[in-house]
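First to last, the sequence lines map onto chains A and B. Count the first sequence with my numbering and you get residues 1 to 112, in order. Count the second sequence with my numbering and you get residues 113 to 229, in order.
Please note that a few of the clues may not be correct.
Here are the simulated lysine-lysine pairs, DSBU-like style, with alpha carbons at most 30 Å apart [claimed, not checked]:
#, chain 1, residue 1, chain 2, residue 2
1, B, Lys153, A, Lys57
2, B, Lys167, B, Lys178
3, A, Lys3, B, Lys176
4, A, Lys63, A, Lys107
5, A, Lys99, B, Lys153
If you are wondering where the hints come from, they were derived from the structure by calculation, not from laboratory data.
Given next are the chains, with one letter for each unit.
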Amino acid sequence: SQKIEQNSEALNIQEGKTATLTCNYTNYSPAYLQWYRQDPGRGPVFLLLIRENEKEKRKERLKVTFDTTLKQSLFHITASQPADSATYLCALDPGGYQKVTFGTGTKLQVIP
Amino acid sequence: GAVVSQHPSRVICKSGTSVKIECRSLDFQATTMFWYRQFPKQSLMLMATSNEGSKATYEQGVEKDKFLINHASLTLSTLTVTSAHPEDSSFYICSARAASVSQETQYFGPGTRLLVL
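Please take these sequences and the hints and turn them into a complete structure.
Set out below in structure tokens:
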């Protein structure tokens, strides 16, 4: 069955360092992989989308990589700030307006 | 752009009553809207997909008679939890997709916290 794994353990990182979050999947061939940020009691906010034929995508301090051979995406936040503290969700989209499947998210805590 | 609102943000009701949650796309026309449910420390679980003017498509295990979805216009979808019970207490989130904005991206509402006593 399809499975998406994100680190269930919270990730604590010192302010200014680079945070790296992992999303692994099995039995899935996504056309797109997306990353969202979710704050407590709020809906997810879209951050970045990367397509299956792309290796890397950047947006300001954010960088996403996508390795379809390893079935893994890495999400990096450089020069992390306390305001980056949130839960980050990866989502796999098979395309063609089919159902998007979300991971359980990794909680990031940036310590001042 | 691409703002989705939900109303109410929080609702407390007695067991057996019905609750209606509204989802609106404020600055775009949503050809497709999605309803999710999220329990604490769990992932978003898709409940149903609705296209404007047609019946919603429900995910396996979601009771269509209990969770009534209406997508009457390109900017409004409603989810009605009928005869709510304490186990229906959860965080309900809608999202919308519009080809005019981005074919691949879903834009989420802020969510509605439902507590059934």
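| field | Hinted pair lysine 99 of chain A and lysine 153 of chain B, Cα distance within 30 Å | value | holds (21 Å)
| query | Is the Cα-Cα distance between lysine 3 of chain A and lysine 176 of chain B 30 Å or less? | reply | holds (26 Å)
| Taken at face value, is the distance from the CA of lysine 107 of chain A to the CA of lysine 63 of chain A at most 30 Å? | OK: lysine 63 of chain A and lysine 107 of chain A at ~17 Å, within 30 Å.
| message | Check whether the Cα positions of lysine 167 of chain B and lysine 178 of chain B lie no farther apart than 30 Å. | response | Since the Cα atoms of lysine 167 of chain B and lysine 178 of chain B sit roughly 15 Å apart, the hinted pair holds (cutoff 30 Å).
| said: Tell me if the straight-line CA distance from lysine 153 of chain B to lysine 57 of chain A falls inside 30 Å. | reply: holds (28 Å)
Violated hints for the displayed structure: none, as all numbered hints are satisfied.
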